[in-house]
Amino acid sequence: MVATKEYRVIGTRPIRHDGTDKVTGRAQYGADIRLTGMLYARVKRSPHAHAIIKKIDASRALALPGVKAVITHADFPPPPAGVGVSGEGPPQPWRFQVENYLANKKALYRGHAVAAVAATDPHIAEDALSLIEVQYEVLPPVLDVREAMSEAAPILHEDLRTRDTTPLAQNNPDKPSNVASHTQIKRGDVDKGFAEADVVIEREYVTTMYHQGYIEPHNGTAYWSKDGHLTVWNSSQSHFVFRNQLANVLQIPVQKVTVVPLEIGGGFGGKLYMYLEPLAALLSKKTGRPVKMTMTRDEVFEATGPTSGTYIRVKIGAKRDGTIVAGQAYMAYEAGAYPGSPVGGGMNGIFAPYDIPNVLVDGYDVVVNKPKTAAYRAPGTPAGMFAGEAALNELAKMLDMDPMDLRLKNAAKDNGERPWGGNWGVIGARQVMEAVKEHPHYKSELQGENVGRGVALGYWGNAGGETSSSASVNSDGTVNLVLGSVDIGGTRPALAMQLAETLGITAEDVWPRVVDTDSVGFNLFTADSR
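Just so you know, we're using my numbering here: the sequence shown kicks off at 1 and counts up by one.
Rather than coming from a laboratory, the hints here were simulated on the basis of the structure. Each hint should be verified, as a subset may be incorrect.
[Claimed, not checked] Below 25 Å or equal to it, Euclidean Cα-Cα: the simulated SDA-like pairs (lysine to any residue) are:
(1) Lys-409 with Tyr-442
(2) Lys-286 with Asn-104
(3) Lys-285 with Ser-59
(4) Lys-315 with Glu-204
(5) Lys-54 with Ile-132
(6) Lys-105 with Ser-130
(7) Lys-256 with Trp-94
(8) Lys-285 with Pro-122
Let's have the full structure, built from the sequences with the hints guiding it.
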């Protein structure tokens, strides 16, 4: 975007308001919380990827000096009916979300939480884990999305049925399945398009699950006071959403929950989800004392959400002159132990950059015995774009065309039709590619062995969402700016600069603070999808 206005503050580089605290170690992260009388909690996790929980006996752990409480799934109130928002994924039944906090009848992945213990010392809490006895009936796991879709696959949820929204759907309410949903994007007639094509390429792609790799492990500290008010301190991307989720799963009024945001050490979408906060809250309610929980690095990788592993088939048909006449994709995404993969993002993205008259995309949301997936930088889309763009590069080679020329010939147009319906606004796809093609880096001669030049075009859509803030002018002309948006990459200085630009003052004269859920109106999450 080219600015059409000269700015006085925006575009400059003022000193970051949070910089001094961070470089001097004064910034407060989740692990820094210390409260009077605080207990420390640890989580007992399943060593099996798929197992029936026959019995949990915590009597020996409770007898250990220093242990104050143990909780299991039975300590949660009955989950509310209906569905709730979970991160950037589609809404899911509250029951599934609660079962992911603490397993109910089955452990569905290695690392699935089955119990939690609070003690006066973190080492005592750790020792108590080995004294919690869990009897399992181990079941065969299913770890691959294609295997999970087969007729012979072990079933994770006996009550899960495929929700098929395609025109020829044959939903079977009596047959359990690991396929949570089947959806479709259709434009034109792909059979007719492929019949008209001079060249057709068909390829298969497999991507594996991978983790966001943020520096700071998940954490949560909770205090459930005697008057019934719950206060939670944590590092997350969405403390207002967490407040609402806690109120729902714990069955208390929203006004009785306060979430205090702390500094956050990375997220990339992975800190849009709760894992420890409900457990800390229940342990605090049982003990009447604050309870702190922090994951180890092993727990982060074992028990929190990665992105989906996928299996994708792509078929593209084109004329000899490079005009693409048909695109088809079969996209199966791992959801992890509970439904809700980002397959929709992959479906929307795979052919989005191009104006293709005939498109058919089938997407499948599939449960497997792995941790429930979470958002990670344009959830679901990178895998789909990888498959589509890789196939397109091979098509360019088959047609003896420059990969950029093939893309330019078929680029989506400003205000053109989108594959899933509706129209684009001004997207600038063609202008971007023309600029790239003219850049010296694209024109320069490749030298040396095994040296190549990659070309790919990507798509991601953005949404809005609620944001609240307030500003107060002080007697000396400085301004206090109260924000509800978590700062994960410069929210405070960015908004302070905007306010300073508007008021005609310097950025240093604005003091921005991210505040708790009692201090400002509702804010949606801080993520790249906004």
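Here is what the structure says about each hint:
A hinted pair counts as satisfied when its Cα atoms are at most 25 Å apart, and Lys-409 with Tyr-442 qualifies at roughly 18 Å. Pair hint Lys-286 plus Asn-104 holds up; C-alpha atoms about 19 Å apart against a cutoff of 25 Å. This hinted pair checks out: Lys-285 and Ser-59 have alpha carbons roughly 19 Å apart, not beyond 25 Å. The straight-line distance between the Cα atoms of Lys-315 and Glu-204 is roughly 9 Å, inside the 25 Å bound, and the hint therefore holds.
Annotation: proposed proximity of Lys-54 to Ile-132 holds, straight-line Cα distance about 13 Å (limit 25 Å). Note on Lys-105 and Ser-130: the hinted pairing holds, with a Cα-Cα distance of about 20 Å set against a maximum of 25 Å. For the proposed pair Lys-256 and Trp-94, the alpha carbon gap of about 20 Å is at most 25 Å, so the pair holds. Among the hinted pairs, Lys-285 with Pro-122 is consistent with the structure: their alpha-carbon atoms are about 19 Å apart, no more than 25 Å.
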